[in-house]
Amino acid sequence: MLILRNSKNLKSTIRENKMNSIKKIMFILILIFMSLFIFQKNALIIKDLSKDSIIFLNKISPGDEFTMRWMHSVELQPWEEIFRIDQNHNIVLDRTRFKSFGAGVPDSAGNKTEIKNGYVIFSGIDRKMPDLKYGVSDFAKHTFLFKNKELKLYEIVENGNGIKFDSVQMRLFKYYFLKIKILASNL
Numbered sequence: 001m002l003i004l005r006n007s008k009n010l011k012s013t014i015r016e017n018k019m020n021s022i023k024k025i026m027f028i029l030i031l032i033f034m035s036l037f038i039f040q041k042n043a044l045i046i047k048d049l050s051k052d053s054i055i056f057l058n059k060i061s062p063g064d065e066f067t068m069r070w071m072h073s074v075e076l077q078p079w080e081e082i083f084r085i086d087q088n089h090n091i092v093l094d095r096t097r098f099k100s101f102g103a104g105v106p107d108s109a110g111n112k113t114e115i116k117n118g119y120v121i122f123s124g125i126d127r128k129m130p131d132l133k134y135g136v137s138d139f140a141k142h143t144f145l146f147k148n149k150e151l152k153l154y155e156i157v158e159n160g161n162g163i164k165f166d167s168v169q170m171r172l173f174k175y176y177f178l179k180i181k182i183l184a185s186n187l
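Position one of the sequence shown corresponds to residue 1 (UniProt numbering), numbered consecutively onward.
Bear in mind the hints are in silico, worked out from the structure with no lab data behind them. Even glycine gets a Cβ: it sits at the ideal position worked out from N, Cα and C. Watch out, some of these pointers could steer you wrong.
[What the hints assert, rightly or not] Listed next, with one range per pair, are the computed distances between beta-carbon atoms:
| hint | residue 1 | residue 2 | range |
| --- | --- | --- | --- |
| 1 | Lys18 | Leu145 | 46 to 56 Å |
| 2 | Lys41 | Lys164 | 39 to 49 Å |
| 3 | Asn111 | Ile180 | 41 to 51 Å |
Using the sequences provided together with the hints, build the complete structure.
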């Protein structure tokens with residue numbers, strides 16, 4: 001009789017522990033799910049203007065940098081514009097690098113000019129770029145560089161079409177939804 005009663009108590013205790021574990025798991029899952037709609041992430045977006053589609057999305061933090069590289073149409077030399085993300089998550093033109101002076105090249109920009117590794121570098125430009133757009137061309141071979149990622153835009157965007165860069169804040173749910181959408185479109 002005592003064994004039967006202990007067996008029933010043991011089964012009851014096991015059942016209660018399972019229920020408590022399920023409740024804890026459900027609570028954690030609800031918290032995770034809610035956080036997707038509450039918390040936000042700052043992100044850099046590149047949009048193909050002709051298709052109104054996002055071709056790049058990545059989280060950003062103040063101090064992050066990205067580079068746009070292309071061949072200058074007159075000089076036929078590489079040109080780079082280096083942007084950084086400021087404390088307010090604005091896109092800021094920080095410096096530019098190019099191989100030679102010539103037609104269409106300013107004689108100075110920013111507060112410092114130096115020559116390093118064969119490049120002329122204008123730094124300290126510090127110009128906010130709220131509406132940063134580029135026309136992408138097969139000839140110029142526009143390329144985007146960010147944290148060990150290289151995106152050959154001329155292979156993704158049709159020749160002559162425009163792209164736009166935005167620094168945005170979005171809910172985690174939207175961020176991950178768009179990341180999955182971009183990955184799926186590249187399959």
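Here's how the hints hold up against the structure:
no., hint, in the structure
1, Lys18 - Leu145: 46 to 56 Å, "holds (52 Å)"
2, Lys41 - Lys164: 39 to 49 Å, "violated (19 Å)"
3, Asn111 - Ile180: 41 to 51 Å, "holds (43 Å)"
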